[in-house]
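Given only the sequences and the hints, what does the whole structure look like? Please build it.
Protein chains: 2
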Amino acid sequence: MGNKLKRVVIGKPMKSGELEEEKLSKMKALAVLSSDALSSVAYGTEQILIVLVTLGFAAVWYSIPISIAVLGLLTILILSYRQTIYSYPSGGGAYLVAKDNLGVGTGLIAGGSLLVDYILTVAVSSSAGTDAITSAFPSLHDHRVLVSLIMILFLTIMNLRGITESASILALPVYLFVAAIFVLIIAGLIKYVMGGIHAEVPELGTAVSNVSLFLLLKAFSSGCSALTGVEAVSNAIPNFKQPAEKNAAKTLVAMGMILGSMFIGISLLAYWYGISPTPEETVVSKIAEATFGRGVLYYLIQGVTALILFLAANTAYAAFPLLAFMLAKDKFMPHMFKVRGDRLGFSNGIIILGVLSALLVIVFHGDTENLIPLYAVGVFIPFTLSQFGMMVRWIRLKPEGWIIKLLINTIGMITTLTITLIFIFTKFSQIWMVFIFLPLVIFLFFRIHRHYMNIADELRINLESDKPEIKGSTIVIPVAGITRVVLHSISYAKSLTDNVVAVFVAFDEEEIRKMEEKWEEWNPGVRLIILRSRYRSVMRPLMKFIDTVEWKTAETDHITILIPQFITKHWWQNLLHNQTSLLIRAYLYNQKDIVIATVPYHLNR
Amino acid sequence: MGNKLKRVVIGKPMKSGELEEEKLSKMKALAVLSSDALSSVAYGTEQILIVLVTLGFAAVWYSIPISIAVLGLLTILILSYRQTIYSYPSGGGAYLVAKDNLGVGTGLIAGGSLLVDYILTVAVSSSAGTDAITSAFPSLHDHRVLVSLIMILFLTIMNLRGITESASILALPVYLFVAAIFVLIIAGLIKYVMGGIHAEVPELGTAVSNVSLFLLLKAFSSGCSALTGVEAVSNAIPNFKQPAEKNAAKTLVAMGMILGSMFIGISLLAYWYGISPTPEETVVSKIAEATFGRGVLYYLIQGVTALILFLAANTAYAAFPLLAFMLAKDKFMPHMFKVRGDRLGFSNGIIILGVLSALLVIVFHGDTENLIPLYAVGVFIPFTLSQFGMMVRWIRLKPEGWIIKLLINTIGMITTLTITLIFIFTKFSQIWMVFIFLPLVIFLFFRIHRHYMNIADELRINLESDKPEIKGSTIVIPVAGITRVVLHSISYAKSLTDNVVAVFVAFDEEEIRKMEEKWEEWNPGVRLIILRSRYRSVMRPLMKFIDTVEWKTAETDHITILIPQFITKHWWQNLLHNQTSLLIRAYLYNQKDIVIATVPYHLNR
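So the sequence lines, in the order shown, correspond to chains X and U.
With my numbering, letter number 84 in the first sequence gets 101, and the count goes up by one each step, no holes.
With my numbering, letter number 2 in the second sequence gets 19, and the count goes up by one each step, no holes.
Keep in mind that a hint or two might mislead.
For chains that are exact copies, the list does not tell them apart, and a pair is met inside one copy or across any two.
[Unchecked claim] The list that follows gives simulated cross-link-like pairs (lysine to aspartate or glutamate, EDC-like), each with its CA atoms no further than 20 Å apart: (1) Lys-488 with Asp-515; (2) Lys-511 with Asp-574; (3) Lys-346 with Asp-525; (4) Lys-484 with Asp-574; (5) Lys-208 with Glu-306; (6) Lys-32 with Glu-527; (7) Lys-40 with Asp-525; (8) Lys-40 with Glu-262; (9) Lys-415 with Asp-117; (10) Lys-355 with Glu-528; (11) Lys-32 with Glu-526; (12) Lys-535 with Glu-475; (13) Lys-488 with Glu-567; (14) Lys-348 with Asp-474; (15) Lys-484 with Asp-515; (16) Lys-484 with Glu-534.
Please keep in mind that the hints were generated in silico from the structure rather than gathered at the bench.
Here you go:
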């Protein structure tokens, strides 16, 4: 039944050889990997304007140079990650780059903050998507958490079904969003050029009395939140169709160009239309309204914007399992993240991501807005480390043209580092958790690593000298009476060795006498030892007896405890039987180096 | 840690030989077994008056003849159960008497309704006790369910600690209650005789216009709720010190006399004082107030009354596990109810009673008043069946003086049957559940019985002809690599037989090649078979392989699957390893008649 359900929800299992077919074409990759980055257009310009209007409306013109600066940073990041893709064709996330060039510890800082970040992405994006839905259907407002959880469940199932399938479903809204924003920008531009807009706007270069570098930097760093998600492509190179690096690089550049033009377009329109942000309405909504009025096109733009915010979470579903896989391969995370599931995705990573982000949504009752700065810091730390790693790499390898490459990464590193510092400096009250969680996660990575290393050490054998050794054998069979299961077990034991002992635990003299008589009558050719239990416990006398046997024969013999066990036809029937054999198993299993064998006897009725 | 906690809460385990010391003296038995019956004094008279006042105040004089009738019924029940005690010295609950004389089916009806009834007793009594507490401390009213659950937990722990110990703690309030009620009755009597009461009361025999036999019978049956709990002594004979029957009979008679005199005393005072019941104040409270005023004695009486209502639940803790034991001995209930725990009580019965009554309290939010009629019917059905059983017994055995004995039981049977019918007739809307639950419980009894019988049949062997048979042996070892655990397992297997095969599941060609090479280099003297898995499942190819081995060798060989298993030092470390071996075990265990042996290897780090 459970298996059938799994088939319906997840689909039939796929052969390992089908992996290549599951890989992404450029068009689909753009949809799967860029929804996080592209969705930032919905709020990037707004973030800048929110900081600027605190200086007065005259300051809004600064949004243009700041947007250009963000665009510059985007260019640097794209160029930098393009270099990374070619340098690390098997997937060059911040973890790999930092580990490779700056050492394992630094790599783990980058990897750890990205892992946590992906969980935040899913929680924040699904909550934001829910907000968009509940704005449209206010009656759902009381069920926000439920709606978010349903979204997370939906994403988890889609990703468990496989990469291609989820790409096919998810590509449409992404391209719809891109198309809608471009239509908006072009229509807005035409309207502006035709003189259809009569807004009073401060001219570029207008003097603003109380402007400070700090505030401009703050506005810049807020605008940089539009850049989260850019790293997704370079993490996911193994998901691309061959030639993977080339396809990934092209996808990255395409994404950068789309993102850049949408971002600058929105910023320009916002400036020309003289829009200042208000809490009630988004900047994009205001632009759309000014351009089209509240018609079909306006609602279409709002609708796809809500949808893309929700889909942004899907980027994390592509990136988290891959990063977890890489960390698991290096033995910093549990083995289970290395296993591909029935549909060739890393199911465990997908499930864990779903569960953890769902927990976040539940704990924060769907109000995850406070997590956004945390989430931005979590992105810029690995950005910085990754670029620093690339710098070290160029200096170390010095390939052709390395000076320019080094320059690109150096500029990138300094910028991202500055943004990280600004974040820490201006929003410490919201991001201090990073400095607790990150060390904790890294501590766990190292603990896990040590455990795997210790086990490997302990289990390693010398192929030359460590060979199997043959010893004698003693088999102990605890019996609860003379039944077919016991007969079966004794037959089995006697087929293996002559050293077989049956043990019976009795509670009173009467029982001892009866058992002795019956055993003598049966005479199965095996010695019966009767233990007297004064405390009505079967385990204690049995364990004492096994201790004695061990003490006497462990040198010369392998000791086996053979447990006769009948297995009922229906699970509920187990309630009708004392599960002493399970107790014996559990106890021995944890306590002793003794082989425990179960002789099952399946009941027919 | 868990074990230590258990010791503190329950106490140290006791030897089976200490059972006799755990048995009850008459004084303690009276306390443990009679709190249910004696507590009825707190509401018995009131139940009669509530029905009568619907006819007008003039009708309250009927309470005197009705109380005398109840007293008569009590006498009959006591005489009847006294006969039962001597006839069934090993415990003569309604279940045993009915089963013995009327057949198993009837016995199960009696036993089943008593079992359900004991659960109701605990739920109803603990809720009633809670009401008394929350009347005194209204701030606790919102935590009624919690208070009830704490009471149930307390009773459960006391009973797990052992019978004597709980008797010692519980005896005091019972005797305090008896003493307090007697002081009240005597003081009230003196006050009445000295002419200290000037109430207008209708004279005995006053004509009442609208009186009907039906209403009088209803008042009588309501008064009979004072008789619930009388059967507890005859169920619990094995808990008495030797000579058990004599002690039990004396205890029963003593209880009857105390109950009878308290009941008639309260009824007389209520009549003389001209008390009619009101919802705000109990009849006992009104009598106490009229006698002592609202002084220390008044509050003492109210206090111990509340306490005894709560302790009434304890009677069920003595009776339920014993009845469950008897049903389990006859294979109508799971074996586990036959086992005596560390402190010699039937722990499983005690725990199940606690859990089920706690569930009832939770489901009904502590408002269990509606369950009271259900609870009375649940008592009178087995009363009737038990007496009917005794009638059949006298007719069958015809001992000396059987006519009188038969007469006593016949009168008793007719009376209790009438009361049962009146209950069904007048309160069907509250008791219809009995006719759903009772058949269900009895159906379960029979299903359980059939299961045990089937298994006994299936497992029974012929001691003459069924002897152990010696066959060959094939051992299959699934390996995941070449490690110390595998070395250990191969050593073990080779010590038992030469027919050993190692199986390895590989996911790709590369893996196959590597494993083949390494195995050849190691050369442990065991053949390695490599299975190729195209769906990344270890289980499926392995199971197919085992099927093949079974098909080839099951005729001549015992097949053993030997599972190498390393055991981590800390439980959480298991999260770091794929638990494939557990999967293999679980699957084989449920599917195949193959011996599954685990070779544990305990990691040190």
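Tested hints:
no.	hint	in the structure
1	Lys-488 with Asp-515	both (14 Å within a copy, 13 Å between copies)
2	Lys-511 with Asp-574	both (16 Å within a copy, 12 Å between copies)
3	Lys-346 with Asp-525	between (58 Å within a copy, 17 Å between copies)
4	Lys-484 with Asp-574	within (17 Å within a copy, 26 Å between copies)
5	Lys-208 with Glu-306	within (13 Å within a copy, 93 Å between copies)
6	Lys-32 with Glu-527	between (63 Å within a copy, 17 Å between copies)
7	Lys-40 with Asp-525	between (70 Å within a copy, 19 Å between copies)
8	Lys-40 with Glu-262	within (13 Å within a copy, 83 Å between copies)
9	Lys-415 with Asp-117	within (16 Å within a copy, 99 Å between copies)
10	Lys-355 with Glu-528	between (55 Å within a copy, 15 Å between copies)
11	Lys-32 with Glu-526	between (63 Å within a copy, 14 Å between copies)
12	Lys-535 with Glu-475	between (48 Å within a copy, 19 Å between copies)
13	Lys-488 with Glu-567	within (14 Å within a copy, 27 Å between copies)
14	Lys-348 with Asp-474	within (14 Å within a copy, 54 Å between copies)
15	Lys-484 with Asp-515	between (25 Å within a copy, 15 Å between copies)
16	Lys-484 with Glu-534	between (46 Å within a copy, 16 Å between copies)
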